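Given chain A, put chain B in place with the hints provided.
2 protein chains.
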Amino acid sequence: MTEPYELTVAQAAREIRERRISAVELAESLLSRADAVEPHLRIWVTLDHERFLSAAKESDRVLNERGPQGPLHGVPVGVKDIYYTEGQETTACSPIYAGFVPSYDATSVAMLRQAGAVIMGKTVTTEFACGDPPPTRNPWNAAHTPGGSSSGSAVGLAARVFPASLGSQTAGSVLRPASYNGVVGLKPTFGRISRYGVVPVAWSLDTLGTFTRTVEDAALMLTAMAGHDPQDFSSSKLPVPDFGAAVDSQQSPPRIGVVRKFFYERADEEVKKHTEGTVDRLARAGAAVDDVKLPTDFETLLAAHRVLMTVEAAAVHEQDFAARPDDYGPNVRGVIEAGMLTPAVSYVQAQRIRRRFRRDMEEAIQAFDILLTPSTVTPAPRDLTTTGDPSFQSPWTTCGFPTISLPSGLSESGLPLGIQLAAAPFQEETLLAAARWCERTLGVALVPPEPA
Amino acid sequence: MTEPYELTVAQAAREIRERRISAVELAESLLSRADAVEPHLRIWVTLDHERFLSAAKESDRVLNERGPQGPLHGVPVGVKDIYYTEGQETTACSPIYAGFVPSYDATSVAMLRQAGAVIMGKTVTTEFACGDPPPTRNPWNAAHTPGGSSSGSAVGLAARVFPASLGSQTAGSVLRPASYNGVVGLKPTFGRISRYGVVPVAWSLDTLGTFTRTVEDAALMLTAMAGHDPQDFSSSKLPVPDFGAAVDSQQSPPRIGVVRKFFYERADEEVKKHTEGTVDRLARAGAAVDDVKLPTDFETLLAAHRVLMTVEAAAVHEQDFAARPDDYGPNVRGVIEAGMLTPAVSYVQAQRIRRRFRRDMEEAIQAFDILLTPSTVTPAPRDLTTTGDPSFQSPWTTCGFPTISLPSGLSESGLPLGIQLAAAPFQEETLLAAARWCERTLGVALVPPEPA
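So the sequence lines, in the order shown, correspond to chains A and B.
Under the numbering used here, think of the first position of the first sequence as 76, with each following residue one higher.
Under the numbering used here, think of the first position of the second sequence as 76, with each following residue one higher.
Don't read these hints as lab results, they were simulated from the structure.
Any given hint might turn out to be false.
DSS-like mimics (lysine-lysine), calculated; alpha carbons at most 30 angstroms apart, straight line [stated by the list, open to error]:
(1) B:K312 / A:K312
(2) B:K336 / B:K347
(3) B:K368 / A:K312
(4) A:K368 / B:K336
(5) B:K348 / B:K368
(6) A:K347 / A:K336
(7) A:K312 / A:K336
Residues from chain A that face chain B, not an exhaustive set, calculated with beta carbons under 7 angstroms [unchecked claim]:
(8) D304
(9) F308
(10) F337
(11) A419
(12) V420
(13) I428
(14) R430
No experiment lies behind these values; they were computed from the predicted model shown.
Virtual Cβ for every residue (Gly too), placed ideally from N, Cα, C.
One chain only, chain A, in its complex shape:
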């Protein structure tokens, strides 16, 4: 029998709506699961049992009195500790923010609550969502990095501590840990989800995203979180479709463009072989697969990404870093100092490189529904001093295209591998429908060993 803590978002929402389980029962199951794995995995910054249970109790009361308040009624969500949560400490895992209790929710958190979701607690992020390694451990092998920066949200999802969680990606901080831990990671189009009330890394790159165990769940979460917010200058005014319907409706195999250039030059042999095998399976199932020839230079874009990120991070932290330099960890400090030393002309040229790359990619993607690449260069590296290489994510974060990572198998060493799919800007319906088709075709669901 399935334990409540194993339910997906869609399952949990349905079970609660149909009164087969209460929000409190689900919360209790998740809390006992969380307590069991926490000493091994270090998922949480703040897990307040009382606060969570009382929110679940309130959710049950409302359900009984007024019926479900939204499609996620009673569904618990783990929240990366850079999202503001009203009345609950938000630290960004930095001494600078220690003790900071926001007086309001991030727009995305408020929208989740409006959809009926219950915030479970605040998950570990690397310091300021940069590259300093977190205490969180990879449930597949504790000697390997769990990835970052959304470490707690990725690991907690893999370990069945919550059915959905929130992350953010400035380089590769959603899809990389999703792939390292064998779960589904979604980064929608830049501008799709408001960043208001989320501690920034770099304004022109930061994109909020989700961890779930299925594509359907990713669609449900995105539908709840997407929408215009005048408080975020980059927030799109485009209408928000019902992404869940897109996932349900797709029947025909997608047109897939495989991007081998750059990705195959960097990926290790096992990842290349695995990706080719995965592409073969998709092609045999009917997908129209073709190689994508790109005029675009991904290496140059990576250099541009580094300039954009370090400069904007330096601007974000300018005052705090001047006042309290010793309260910054070595990686984030390096990011800020690199940004401080960069001339403005380099930043503007980086913006130009991004614009050209985006235009080239928009053209290249026209012949396809989605582009496919390996999710990561290697499976999670055996190195706890790093959070791994984000270079397969950064190009898509930089140009703002929506991407999703799906688990596609295990390496010989027993670590998750994944494929990364990308679609044109604001084509998340296409992305999710194609991802659902791939998920169904591949039939891969990964469950890590019990921590011990």
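Relative to the frame of chain A, chain B by itself:
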């Protein structure tokens, strides 16, 4: 009797459409006018009589064979020499571009041709549309600057050498020379007109605009030039209304917010007094007038504008300036060198200041149809080593709001004075309708003395 060269855009288009004058007759009248004033005013970089007459002849042929090809059929337009014109030299008044003959039209020029307009020739710009003084002279008093950078387009319009002309504004290069020369200058919302094929000054600021003698003409020109262009990353996808209809339809007096803070601190006594008198006249005619209290700091925004402009200009010219520094004039050289010395964090902070200013202004303008300020700090200064002070334009260029300058009277020294109106982004219909009401209410049309 009105000479053909005195016709407005609307009049010329109607006269040609109704066959009361031919495009060639109009062209001949304008050419003889141009030849008469050119030694005094120095309007042209390139005026090729044969090319212009042959285009006018072709326009007449098409009219006779197929009828009018657009609302501007046969109407001549003067084009600032930074717009690419197919097969015709485009120099930006710089040795760097000397001899450059584009193989295509700027999108805006192509759209004007599609609307039936005939390109008359290329008008003087300051070098690279920066602040080095041009040879062009102010027709009101040759000892005073004509303003810049769109010097030839502004002066040629005032001197009745063409009924409409094209300019561009990165700080104050359309509305300031419009006001100094007593004509109507329109800078639409950033993103409304494609900049593709126009020599850039600074990508995040450059906005194309027009000089005309009436608000109606400004609306006709904007309707022809506005629209989405995938070749310009900032080009808006919003639909383009018929701006001419907006100008016709307005009957009721507008709600006007007068911005005295900052503007009255900088304007001289005569300009302040004149502006108050103008506001009184508008109020007596029924406009609802109120003072605007702004939380926003215009001085800080001017500093941000300077950073954005110099840095982006330095990026534009990086390679050419490294190779040929001596081919740059002292002002544009100063701009580039300032940009080269600016750290990227300052640029990013300038972007933040702009975003905050824009948000504050969007809120402040909600209670009004338009905001009103004096167009310039003083009338055209008696100083040919400068093109005047753009500080009343730069805030609106920086935040991208659409603005228009209307002639509102003459100074004691006999120089034009103007009022500047601003509307919310993409509210050019509101701006033009209100401007038309003000134009009608003030009844000021300024004709400079004949040059001698």
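Take a quick look at whether K312 of chain A and K336 of chain A sit within 30 angstroms of each other, Cα to Cα.
Since the Cα atoms of K312 of chain A and K336 of chain A sit roughly 34 angstroms apart, the hinted pair is violated (cutoff 30 angstroms).
Let's test the interface hint: is any C-beta of chain B closer than 7 angstroms to that of I428 of chain A?
It is violated, given that the least Cβ distance between I428 of chain A and chain B is near 11 angstroms, above 7 angstroms.
Taking the least C-beta to C-beta distance, is V420 of chain A closer than 7 angstroms to chain B?
At 5 angstroms from the nearest chain B Cβ, V420 of chain A passes the 7 angstroms test, so the hint holds.
Given R430 of chain A was flagged as interface, is its beta-carbon under 7 angstroms from a beta-carbon of chain B?
holds, 5 angstroms
Between K336 of chain B and K347 of chain B, is the straight-line Cα distance small enough, at 30 angstroms or below?
holds, 12 angstroms
K312 of chain B and K312 of chain A: Cα distance at most 30 angstroms?
Holds. K312 of chain B to K312 of chain A sits at ~12 angstroms (cutoff 30 angstroms).
Verify the proposed pairing of K348 of chain B with K368 of chain B, using a straight-line Cα cut of 30 angstroms.
Status holds; Cα separation ~20 angstroms.
Please verify that hint: D304 of chain A, Cβ, nearest Cβ of chain B, below 7 angstroms or not.
violated, 12 angstroms
Hint status (Cβ of F337 of chain A to nearest Cβ of chain B, threshold 7 angstroms)
Cβ of F337 of chain A sits 23 angstroms from chain B, so the hint is violated.
Do the alpha carbons of K368 of chain B and K312 of chain A lie within 30 angstroms of each other, as the hint requires?
holds, 29 angstroms
Hey, does the F308 of chain A contact hint survive, CB to chain B under 7 angstroms?
This interface hint holds because 5 angstroms falls under the 7 angstroms limit.
Given hint K336 of chain A paired with K347 of chain A - CA-CA distance at most 30 angstroms
Holds, at about 12 angstroms.
Violated hints, listed in ascending order, are 4, 7, 8, 10 and 13; each of the other numbered hints is respected by the structure.
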